[in-house]
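Asks: Order-wise, the sequence lines are chains A and B.
When the letters of the first sequence are read in order and numbered with this note's numbering, they come out as residues 394 to 510.
When the letters of the second sequence are read in order and numbered with this note's numbering, they come out as residues -4 to 179.
Read the hints as simulated data drawn from the structure, not as lab findings.
These numbers were taken from a predicted model, which means no experiment stands behind them.
Among the hints, erroneous ones may be present.
[To be verified] Now the in silico label distances, taken between C-beta atoms and shown as ranges:
no., chain 1, residue 1, chain 2, residue 2, range
1, A, 430, B, 43, 14 to 24 Å
2, B, 12, A, 500, 40 to 50 Å
3, A, 498, B, 15, 48 to 58 Å
4, A, 472, B, 155, 57 to 67 Å
5, B, 79, A, 414, 23 to 33 Å
6, B, 142, A, 491, 45 to 55 Å
7, A, 405, B, -2, 22 to 32 Å
8, A, 493, B, 75, 25 to 35 Å
9, A, 491, B, 141, 44 to 54 Å
[Stated by the list, open to error] Covered stretches of chain A, going by a simulated chain B footprint (3 or more residues, C-beta under 8 Å):
no., region
10, 400 to 408
11, 411 to 420
12, 423 to 430
[What the hints assert, rightly or not] Take a look, some chain B residues computed to stay more than 10 Å from chain A by CB distance:
no., residue
13, -3
14, 0
15, 2
16, 5
17, 75
18, 78
19, 80
20, 127
21, 144
22, 148
23, 155
Beta carbons: idealized from backbone N, C-alpha and C, even for Gly.
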Amino acid sequence: MMNQEELERALANESDIVPSSGFVASVMDAVVAEATAPPLPFPWKRAWPFAAGFVVLLLSLAFGSHAATPVPDFYAWFKMIVPMATGWVAGALAMTFALTAWSLYVAVRLKADTTYV
Amino acid sequence: MSAEEDEADVARVLAGDVSAFETIVRRWQHPLVNLAYRFCRDRGRAEDMAQEAFLRAYRSLASWRRDAAFSTWLFALATNLYRSEIRRLPPLSAPLDEGVATLDRRAAELIVPIVDEEQRDRVIRRAVLALPPKYRDVLTLFYFHGKDIAASAASLGVPQGTVKARLSRGRDILRSKLPKLLGN
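Turn these sequences into a full structure, and let the hints guide you.
Replies: Take a look at the structure:
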């Protein structure tokens, strides 16, 4: 077996490489591009229906007739939503497990396909 | 390389002077490219990885708290990036993460007649890449930082005791596999 000193010497005595002459320029090009890039525009096209809905909700809360609105029966609502939610959650869990199993399968396949020198 | 210079340049960059970042790149290009090279053993890829490290450093410059030296922060950031890059796309001779068994298997494939000491040392350094990542990273950082345990621990974000333990185990694994690797 190789002794400790030989191993130390082999690992410690490594000569450095010199970055290529264009390295700094290349980094600075990327940095300047990053610095001068315009910020991502806000996705108004996707957001406006939600924004409009929110405004309508606010207006209805502000100006709607609260007197006519009955007090919501949260217990009845809860009783109605639980069976629906149970089915939905079960479906979502099943899909999550299926996706996880598929991801693991793909990862293992990719790993097995990697060739080493 | 003085900490004051780094601090002054960072302050200028944060004040909006992008060109001040060039001084930082010039000052740190050599160590960052060399650290990347030790992780991937490919000059072109090392420069790409170092460039990405500088770019990330530029983006998160404001998050550098002055409680640690700029170099410590920069090396930790670069180390994190290099490790995830190597995990994403392993270097030519390194396995993904199959531990010692892989080193055994690959040792048999890598047997080469050793002509001289320099060639042997190259094979040894390349074999470090085939170690399980936690040993590979510690060995790489330790020798890069001139055998400085504290600097290696800071770059990896682990306690110094962990570095010492992994260093010892990593060397043991490497030493036990080298005879096969070197064709002895």
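Asks: Is the gap between the beta carbons of residue 142 of chain B and residue 491 of chain A within 45 to 55 Å?
Replies: 50 Å, holds
Asks: Taking 8 Å as the C-beta cutoff, is the stated coverage of the region 411 to 420 of chain A by chain B satisfied by three or more residues?
Replies: holds (count 7)
Asks: Tell me if chain B covers the region 400 to 408 of chain A under the three-residue, 8 Å CB rule, please?
Replies: As far as the region 400 to 408 of chain A goes, the hint holds, because 7 residues have Cβ atoms under 8 Å from chain B.
Asks: If we take the beta carbon of residue 0 of chain B, is the closest beta carbon in chain A still more than 10 Å away?
Replies: Answer for residue 0 of chain B: holds, closest chain A Cβ roughly 16 Å.
Asks: Say whether it holds or is violated: residue 75 of chain B keeps its Cβ farther than 10 Å from all Cβ of chain A.
Replies: 18 Å, holds
Asks: Evaluate the condition: distance from the CB of residue 127 of chain B to the nearest CB of chain A exceeds 10 Å.
Replies: 14 Å, holds
Asks: Honestly, do residue 498 of chain A and residue 15 of chain B meet the 48 to 58 Å range at C-beta?
Replies: Given about 50 Å between the Cβ atoms, the range holds.
Asks: Measuring Cβ to Cβ, find out whether residue 5 of chain B lies farther than 10 Å from everything in chain A.
Replies: 13 Å, holds
Asks: Looking at residue 148 of chain B again, its CB stays over 10 Å from all of chain A?
Replies: For residue 148 of chain B, whose nearest Cβ neighbour in chain A is about 18 Å away, the distance exceeds 10 Å, so it holds.
Asks: Look at the Cβ atoms of residue 491 of chain A and residue 141 of chain B and judge whether their distance stays inside 44 to 54 Å.
Replies: With a Cβ separation near 51 Å, residue 491 of chain A and residue 141 of chain B satisfy 44 to 54 Å, so the hint holds.
Asks: Far enough from chain A: is every CB of that chain over 10 Å from the CB of residue 78 of chain B?
Replies: Nearest chain A Cβ is 18 Å from residue 78 of chain B, so the label holds.
Asks: Note whether the CB distance of residue 430 of chain A and residue 43 of chain B lies within 14 to 24 Å or breaks it.
Replies: At roughly 20 Å between Cβ atoms, residue 43 of chain B and residue 430 of chain A fall inside 14 to 24 Å, so the hint holds.
The structure fails none of the hints (numbered hints given earlier).
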